[in-house]
Amino acid sequence: MWKEFVANARLVSPGNRRRFTVVVVGTGLAGAGAAAALAELGYTVDVVTLHDTARRAHSVAAQGGINAARARRVDGDALERFVRDTVKGGDFRARESEAWRLGRESERVIDHMNALGVPFAREYGGSLSTRSFGGVQVSRTYYSRGQTGQQLQVAASSSLMRQVATGRARLWVRHEMLDLVLADGRAAGVVVRDMRTGELRVLRSHAVVLATGGYGNMWYHSTLAKNSNATAIWRAHRKGALFASACFVQFHPTALPVSATWQSKTTLMSESLRNDGRIWVPADPDEQRPPGDVPEDARHYYLERRYPAFGNLTPRDIASRAARERIEAGHGVGPLKNSVYLDFRDALERLGREVVAERYGNLFDMYREATGEDPYERPMRIAPGAHFTMGGLWVDHQLMSNVPGLFVAGEANAAYHGANRLGANSLLAACVDGAFTIPLTVPDYLAGLLGQDLVAEDDQAVRAGLEEVNSRTEALLGAGGAVPAKEFHRELGALLYRNCGVVRDRQGLQEAVGQIADLRRAFHEDVQVTGTSGEWNQDLVEAARVGDYLELAQLTCVDALHREESCGAHFRAEHQSEDGEALRDDASWMRVSAWHSSGWGDEGGSAQPVEFVHHQENLHFRTVQVATRSYR
Amino acid sequence: MRLKLKVWRQSGPQLRGRFEKYELDGCDSRMSVLELLDHLNEMLTSQGKAPVAFESDCREGICGACGLTVDGRPHGWRDNLPACHQRVGKRRDGAVITLEPLRSGLYPVVRDLVVDRGVLDEVTLAGGFASVDTGLAPDADTLPVPHDVAEAALDLAACIGCGACVAACPNGSAALYAGARVAHLASLPIPSLERGRRARAVAAAVDQWFGACSGYRECARVCPAGVDLGATALVAKERWGAALHPART
Ligand SMILES: Cc1cc2nc3c(=O)[nH]c(=O)nc-3n(C[C@H](O)[C@H](O)[C@H](O)COP(=O)(O)OP(=O)(O)OC[C@H]3O[C@@H](n4cnc5c(N)ncnc54)[C@H](O)[C@@H]3O)c2cc1C
Ligand code: SF4
Ligand code: FES
Chain A
1 MWKEFVANAR LVSPGNRRRF TVVVVGTGLA GAGAAAALAE LGYTVDVVTL HDTARRAHSV
61 AAQGGINAAR ARRVDGDALE RFVRDTVKGG DFRARESEAW RLGRESERVI DHMNALGVPF
121 AREYGGSLST RSFGGVQVSR TYYSRGQTGQ QLQVAASSSL MRQVATGRAR LWVRHEMLDL
181 VLADGRAAGV VVRDMRTGEL RVLRSHAVVL ATGGYGNMWY HSTLAKNSNA TAIWRAHRKG
241 ALFASACFVQ FHPTALPVSA TWQSKTTLMS ESLRNDGRIW VPADPDEQRP PGDVPEDARH
301 YYLERRYPAF GNLTPRDIAS RAARERIEAG HGVGPLKNSV YLDFRDALER LGREVVAERY
361 GNLFDMYREA TGEDPYERPM RIAPGAHFTM GGLWVDHQLM SNVPGLFVAG EANAAYHGAN
421 RLGANSLLAA CVDGAFTIPL TVPDYLAGLL GQDLVAEDDQ AVRAGLEEVN SRTEALLGAG
481 GAVPAKEFHR ELGALLYRNC GVVRDRQGLQ EAVGQIADLR RAFHEDVQVT GTSGEWNQDL
541 VEAARVGDYL ELAQLTCVDA LHREESCGAH FRAEHQSEDG EALRDDASWM RVSAWHSSGW
601 GDEGGSAQPV EFVHHQENLH FRTVQVATRS YR
Chain B
633 MRLKLKVWRQ SGPQLRGRFE KYELDGCDSR MSVLELLDHL NEMLTSQGKA PVAFESDCRE
693 GICGACGLTV DGRPHGWRDN LPACHQRVGK RRDGAVITLE PLRSGLYPVV RDLVVDRGVL
753 DEVTLAGGFA SVDTGLAPDA DTLPVPHDVA EAALDLAACI GCGACVAACP NGSAALYAGA
813 RVAHLASLPI PSLERGRRAR AVAAAVDQWF GACSGYRECA RVCPAGVDLG ATALVAKERW
873 GAALHPART
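Top line first, the protein sequences correspond to chains A and B. One point on numbering: in this note's numbering, the residue at position 403 of the first sequence is 403, and numbering is uninterrupted. Adding 632 to a residue's 1-based position in the second sequence gives its number in this note's numbering.
If you're looking for bench data, these hints aren't it; they were derived computationally from the structure. Watch out, some of these pointers could steer you wrong.
[Claimed, not checked] Straight-line Cα separation of at most 27 Å, BS3-like style, residue types lysine-lysine; simulated pairs:
(1) B/K653 to B/K638
(2) B/K636 to B/K722
(3) A/K337 to B/K722
(4) B/K653 to A/K486
(5) A/K486 to B/K869
(6) B/K681 to B/K653
(7) A/K337 to A/K486
(8) B/K681 to B/K638
(9) B/K653 to B/K722
(10) B/K722 to B/K638
(11) B/K638 to A/K486
(12) B/K636 to B/K681
(13) B/K636 to B/K653
(14) A/K239 to B/K653
Remember, it's a predicted structure, so these values are computed and weren't measured experimentally.
Just chain A, same shape as in the assembly (with noise of 0.2 Å):
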C-alpha cells in the first residue's frame, strides 16, 4: 500500500514549494526528522518547541535501541517477520499496511542517522552491531550504548539546525502551541504562546504537524520527561480531530516505586536488568523479615511459576499485571507495600560479583542513589509504571487526522502498536513518521491547495483562536482558588492508576469516569494559580496543562469502559480465561475505536454531561495469521 501510495501520490514542482508554509510542532525525532526533510525539499518551515533548544526532547531519554528490519544476518529475520512481530505484538488492534512501511522505511533509517553521525554500535569486523529486544527472537535492535534516543536526536536536531542556517526553517524554542486554527475546516495555523514573555501569535500555514509526543504523564507519575504533555493533540481533538485507542497505555514492569510524595517521577530501569534478576514476593503478605533472611519456600517466584517457559522475562504487560496482582493480593514490599522484588542473589552467586557489575554497574549505582538501598546486599524493589501511550490521534495511511490539512507523527498518533507496543519500535516509528512518511504525504496534501493564500491575519479563525486561548488563561488565572494545579494532578494520577491501570473493570471505570468530571469541576472552581500571563509563570503553563488532562482522563475512561474485551496493554477483569489470561474478542473488538466529544462547556465545565461520540474502524489482515498470544 506505501509503495502504491509513494508511486503515486501528487507532488508540489520544485519552484512552487516555498510559496507553501508548514508548521511542525515538536523537535523530537519525529517533529526534527520532518521538519528537517521538508525544508530541504524546499518548503517553508516554522518549527515549534517548548524547550529551550531543538535538541532536548524526550526522544533523548530511550535507552534500549531502534528496531530496523535490515535482516543481515543469518538468524531468521525477514520484513515479513518484523511485521507479524509488530502486529502480533499489538495484539492485531492496529493496521496491518503500518506495519509494512515501518519495516521497509526501516532500512533507510539506520543508513540516515548513521550518516548524520549516530556512533551506532558496532561489531570488531566494523559492521553494525544488534541486539534482541523483549518480544523477538531475532537481533535487529541497532543501538548505541545506553544513549541510543539520546544520539538519534542529536543527529536528528543537528540536521534540522543544517535548514534552520539556511533560512529554509524557522525556530520557535520555548514557544507552547495551545492551539490548532482551522480556516473552512482546514488546518491553517496553530496558536503559541511565548513562554518567556507570555506573548501569544498564530503561525499561519498550508499544513499542521503535530509531533508532540505521548501522554503518559496523565497519570503524574510516569517514566516520561516532566514537560511532556497532551495539550497539543487534546486542543486538536477538541477542534474536531478523532482522538484513538485512548486506553491503550503500557506500563513498563521495571519503573522504581514511588516511596515517597515528594518524588517527581518514576524511572526507568532497564529492562535488561530482567534477564537475570529473579522477581518474587513473600508467600505471607505479613512476612517480617529482611528480604535476605527470607527461605527460598517463603519466596512466591510468580513468574517463573506460572510462565514456565518466559520465566522474568514475558512480556512488559503480563509482568505489569502479575505484578499488580501480587500488590493488589497485598504481598507488596517496601515501605508502601507497592513493589515487588527484583533480586540478583543468584546471579551474584553464579557469576560473581565483577560480572554482574560488568553488565549492571551504572544500573546499580543508579538505584542505589534514587533510594539509598544497596542492590548487591538487598534485591531491588520496582513496580508498573505508565510508560508509553499507544493511543493518540487517529490518522490514515498518510498520517493524516480526520480534519484535512492536520497530520500527526510519532509517538502523538495511534497508527502502528496497537494495542501494545514492542520495544524499540517507537524510535524506529518517530524517525520513520518523521524522516520517511511526512515528507511525502504533506505535499500529496499540498499539490491541492496549490495557489491558495495563507490564511489572512485578521481572519476572524486566527482572531478567534487568539481569544480563546486568551480567555483559557484568563479563567485559570481568575479562578482565585487555593489549591496548586499539582494538587489535581496527583489526585487524577492515584485515580488512573487505581481505576485505568494495569487491570480495569467496569464499575471501577464507571465511577472513574463520575470521579474525574467531579475533579474537573472542582479544578476549574478552586485552582490557584498565581502570576500574571504576560511573564515567564510555571504555574500557568502547569495548569493548562492539567486541565486537558482532566479532559483526556475522562475520555480515556469512557474509551477503557466500552472497550469490552482484554487485548494488549488493556486488561479488563470481565475479560479473562480461567487462568487468568487476557481474553480478545475478535469478533466484536478487531476495530480501532476513534472519539469525537463535544460539550465540554467553556472553561469551568458545564453542567451538561460531556457527549462522547464513537466512531470505527474494521481491521483486516491478510498477510499476517491472526492468533493468540501465548507465553505459558
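Fit chain B with the ligands to the supplied structure of chain A, relying on the hints for placement.
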C-alpha cells in the same frame, strides 16, 4: 530534615535579582536538588506565592535541561553529575544550601534559576552537523567503522548539552562542548567528509561567542557526561588540521 535554602529570585531578564532565604521542613536525604526545589515550591504555592522558576525535563541525567548552580558549583556538590542526580545526602539539620542560576555572561537569566543557553546552538548552526539530505545516505554496513572508533566517538557524543562547562569556566570557554562535537563528527566516515570546513566554521563561531580555553579544567570536573578534558584541545587541533591541509574539505 530541616534545611535552609538561599535561592536567587529574579522576576525577569531586565530586573534586579536578590537572594531569598527559606526554611524548609521535611527534607529527605534522597531528594535531588530538583526535588528540593519541588518541595520548596509546594510550600510557596500553598502560601499563594510564586514558585521558584527552574528547568528540568527527564530527571534522569540525559536531557541536559537542569543546569543550575548549587553552593557555587554548576550542577552541584559532586563531580560529573547533573543537578537531577545531585542528592541532598547527609547534611546537618539547619544546613544552608545556596541555589543560583548557571552564572555566565553568556547565559542571560530568564527568571529565577532559568537561563537562556541559546548561545550553545551557535556551534551547531555554524556547522556542527553532517550535510546529508534525507534519503541520500549510503548503506551503513558498507562503510565499516572499527569497534574502538565507534566507542570513542560515543564517548565524545555523550555530551547532553547542559552548558555547565561554559558556566564553570572562568573564561566562559566552550572548548569542551565544541571540541567534543567536532571531534565526534570528524571521527566518523561520512561526517568527516566536511571535516575541514566544519573545523573552520565552528572555530570561528567559538571565537566569536565564547572565551578562550586556558586549561583550568573546571569544565571536565562538572561535565555530567564525563567528556574527557582532552576534548578541550580538539577544536584547536581540528582548526590547525584544516589550516595545514587546505585541501581538506
Ligand atoms: C524512559 C523511556 C525509554 C524509552 N526507550 C525506548 C527505546 O529504547 N526504544 C524505543 O523505540 N522507544 C523507547 N521509548 C519511547 C520513545 O522514546 C518515544 O516514543 C519517542 O521518542 C517519541 O518521539 P516523538 O518525536 O514522537 O516525541 P518526543 O520526543 O516526546 O517529542 C515531542 C516534542 O514535542 C514538543 N512539544 C510537546 N508538546 C508541545 C506543545 N504543546 N507545544 C510545543 N511543543 C510541544 C516537545 O518539546 C518535543 O520537542 C522510551 C520511552 C521512555 C519514556
Ligand atoms: S560537554 Fe559536558 S558540561 Fe559541557 S554541555 Fe556537554 S555535557 Fe554539559
Ligand atoms: S533533568 Fe534531564 S539531565 Fe537533569
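Hint check results:
1. B/K653 to B/K638: Roughly 5 Å separates the two Cα atoms, so the pair holds.
2. B/K636 to B/K722: Distance of about 14 Å is within 27 Å: holds.
3. A/K337 to B/K722: holds (26 Å)
4. B/K653 to A/K486: holds (24 Å)
5. A/K486 to B/K869: Roughly 50 Å between the alpha carbons, so the hint for A/K486 and B/K869 is violated.
6. B/K681 to B/K653: Status holds; Cα separation ~14 Å.
7. A/K337 to A/K486: holds (24 Å)
8. B/K681 to B/K638: holds (16 Å)
9. B/K653 to B/K722: holds (21 Å)
10. B/K722 to B/K638: holds (18 Å)
11. B/K638 to A/K486: holds (24 Å)
12. B/K636 to B/K681: Distance of about 18 Å is within 27 Å: holds.
13. B/K636 to B/K653: Holds: B/K636 and B/K653 sit about 7 Å apart, inside 27 Å.
14. A/K239 to B/K653: Violated, at about 46 Å.
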